[in-house]
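S.K.: Sequence:
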Amino acid sequence: MKIASWNINGVKARIETVLTWLNEEKPDIACFQEIKSVDETFPREPFEALGYHLETHGQKGFNGVAILSRLPFEEVNRRLPGDESDEQARYIEGVFATKSGPLRIGCLYLPNGNPVDSEKYPYKLRWMERLEAHARKQLEREEAFLLVGDYNVIPEARDAKKPESWVNDALFLPQTREAWHRLLNLGFTEAIRATNDADETYTFWDYQAGAWPKNNGIRIDHLLLSAQASDRMLATGIDRHVRGWDKPSDHVPVWVQLRD
DNA sequence: ATGTCTAGTGAGACTAGA
1 MKIASWNING VKARIETVLT WLNEEKPDIA CFQEIKSVDE TFPREPFEAL
51 GYHLETHGQK GFNGVAILSR LPFEEVNRRL PGDESDEQAR YIEGVFATKS
101 GPLRIGCLYL PNGNPVDSEK YPYKLRWMER LEAHARKQLE REEAFLLVGD
151 YNVIPEARDA KKPESWVNDA LFLPQTREAW HRLLNLGFTE AIRATNDADE
201 TYTFWDYQAG AWPKNNGIRI DHLLLSAQAS DRMLATGIDR HVRGWDKPSD
251 HVPVWVQLRD
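Quick note: the first sequence uses this note's numbering, first residue 1, plus one each step.
In case anyone wonders, no lab produced these hints; they're calculated from the structure.
Quick reminder that beta carbons are idealized off the backbone N, C-alpha and C, glycines included.
Some hints here could point you the wrong way.
[What the hints assert, rightly or not] In silico DSS-like cross-links for lysine-lysine, where the CA-CA straight-line distance does not exceed 25 Å:
(1) Lys162 - Lys120
(2) Lys2 - Lys99
(3) Lys12 - Lys161
(4) Lys162 - Lys99
(5) Lys36 - Lys214
(6) Lys36 - Lys26
(7) Lys26 - Lys247
(8) Lys161 - Lys137
(9) Lys60 - Lys99
(10) Lys26 - Lys12
(11) Lys26 - Lys2
(12) Lys247 - Lys161
(13) Lys12 - Lys36
(14) Lys12 - Lys60
(15) Lys60 - Lys120
(16) Lys161 - Lys214
(17) Lys214 - Lys60
(18) Lys26 - Lys99
(19) Lys36 - Lys120
(20) Lys162 - Lys137
[Claimed, not checked] If you anchor each label on the Cβ, the simulated ranges turn out as follows:
(21) Thr201 - Arg130: 26 to 34 Å
(22) Pro81 - Glu142: 15 to 23 Å
(23) Glu74 - Glu24: 23 to 31 Å
(24) Glu178 - Ala97: 32 to 40 Å
(25) Glu129 - Ala194: 19 to 27 Å
(26) Glu87 - Gly10: 17 to 25 Å
(27) Pro174 - Glu25: 31 to 39 Å
(28) Val167 - Gly101: 41 to 49 Å
(29) Asp197 - Glu24: 25 to 33 Å
(30) Ala49 - Asp83: 30 to 38 Å
Using the sequences and the hints given, assemble the complete structure.
M.R.: Okay, structure coming up:
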């Protein structure tokens, strides 16, 4: 089965692009970030018409996450635990029954964190601590567990065309990458890098300054797999061509195929 | 070439967030 993640940058502005991609790539499960819609006005019908079950966790104006699945949801959890005062819609988790046992997928939109001298950077780091605590707890289940989404983390210099321009950015600061490595070191496999060692492997190109035609990209969308999930990994991919379509998101889909 | 896009507000020559 194919599990994809994509920051779509607004579901209403992207509906035709997203439907075209779903018809082309036919993921079994698709995790979307930045839906920029409240749950009540999310355009459910075109996705349900393609046979998807759909669970959303949105808010007004920005952020927001959603999971589409051909399999029915056995369980849905909204919000990342650890801070009841956090109002930002950045995490939704679904559980599905598969032939090989339960499959648990967390869909996350990790805070950007810029500017770093504002309250936004400490919020990002606290959010990463909460994600690590949640991941540690869920890994104890010893299930196939995936944490996928827009991490807003550039793991290494080779994950940016121009790493020098990111050295003081919240996506690449040492504290950000340390938190990323603490998460990975709980025992996750980073699916893209485990299967693709190529340079210039990116998932985001800014709308500004001709970033796409210059291939001035960064790799910030990631698929983290528990041991039980990575044992079933067959293939991964980045749907880079989608960035060249009309009305593109600034991110492209990333996906992993698991043995059923 | 710091060259864009989306949603919200309320009607902008706007703002926030990314």
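S.K.: Work down the list of hints and note, for each, if the structure agrees.
M.R.: Hint-by-hint comparison with the structure:
Distance check on the hinted pair: Lys162 and Lys120 sit about 24 Å apart at the alpha-carbon level, within 25 Å; holds. Simply put, Lys2 and Lys99 have alpha-carbon atoms about 14 Å apart, close enough for the 25 Å limit, and the pair holds. Annotation: proposed proximity of Lys12 to Lys161 is violated, straight-line Cα distance about 31 Å (limit 25 Å). Of the pairs offered as hints, the one joining Lys162 and Lys99 is violated, with about 44 Å between alpha carbons and a cut-off of 25 Å exceeded.
About 28 Å separates the Cα atoms of Lys36 and Lys214, which puts this hinted pair outside 25 Å; it is violated. This hinted pair checks out: Lys36 and Lys26 have alpha carbons roughly 23 Å apart, not beyond 25 Å. Restraint check for Lys26 and Lys247: the C-alpha separation of about 20 Å stays at or below 25 Å, so the hint holds. The hinted pair formed by Lys161 and Lys137 fails the criterion: a straight-line CA distance of about 35 Å is larger than 25 Å.
In summary, the hint linking Lys60 to Lys99 is not supported, as the alpha carbons are separated by about 38 Å, beyond the 25 Å threshold. Of the supplied pair hints, the one linking Lys26 and Lys12 holds, its CA atoms being roughly 20 Å apart against a limit of 25 Å. Under the criterion of a C-alpha separation no larger than 25 Å, the hint pairing Lys26 with Lys2 is consistent with the structure, at around 8 Å. A C-alpha spacing of about 23 Å is found between Lys247 and Lys161, which places the hinted pair at or below 25 Å, so the restraint holds.
With a CA separation close to 8 Å, the supplied pair Lys12 and Lys36 stays within the 25 Å bound. Between Lys12 and Lys60 the CA atoms are separated by roughly 13 Å; this keeps the pair inside 25 Å, and the hint holds. For the hint pairing Lys60 with Lys120, the CA-to-CA distance comes to about 19 Å; that is within 25 Å, so the pair holds. The hinted pair formed by Lys161 and Lys214 meets the criterion: a straight-line CA distance of about 9 Å does not exceed 25 Å.
The hinted pair formed by Lys214 and Lys60 fails the criterion: a straight-line CA distance of about 34 Å is larger than 25 Å. Proximity of Lys26 to Lys99 is assessed by CA-CA distance (about 20 Å); at most 25 Å being required, the pair is judged to hold. In summary, the hint linking Lys36 to Lys120 is supported, as the alpha carbons are separated by about 19 Å, within the 25 Å threshold. Pair hint Lys162 plus Lys137 does not hold up; C-alpha atoms about 36 Å apart against a cutoff of 25 Å.
The supplied range of 26 to 34 Å is met by Thr201 and Arg130, whose beta-carbon atoms lie about 28 Å from each other. Range check, Pro81 to Glu142: about 19 Å between beta-carbon atoms, so the 15 to 23 Å window is met. Range check, Glu74 to Glu24: about 28 Å between beta-carbon atoms, so the 23 to 31 Å window is met. Between Glu178 and Ala97, the C-beta spacing of about 37 Å keeps the proposed range 32 to 40 Å intact.
About 25 Å separates the C-beta atoms of Glu129 and Ala194, a value consistent with the hinted range of 19 to 27 Å. Between Glu87 and Gly10 the Cβ separation comes to about 20 Å, which falls inside the hinted range of 17 to 25 Å. Roughly 36 Å separates the CB atoms of Pro174 and Glu25, a value that falls within the hinted 31 to 39 Å. In this structure the hint that Val167 and Gly101 lie 41 to 49 Å apart at CB holds, the actual value being about 43 Å.
Between Asp197 and Glu24 the CB atoms are about 26 Å apart, so this pair conforms to the stated range of 25 to 33 Å. Distance hint check: the CB atoms of Ala49 and Asp83 are about 37 Å apart, consistent with the given range 30 to 38 Å.
When held up to the earlier numbered hints, the structure conflicts with 3, 4, 5, 8, 9, 17 and 20 and fits the remainder.
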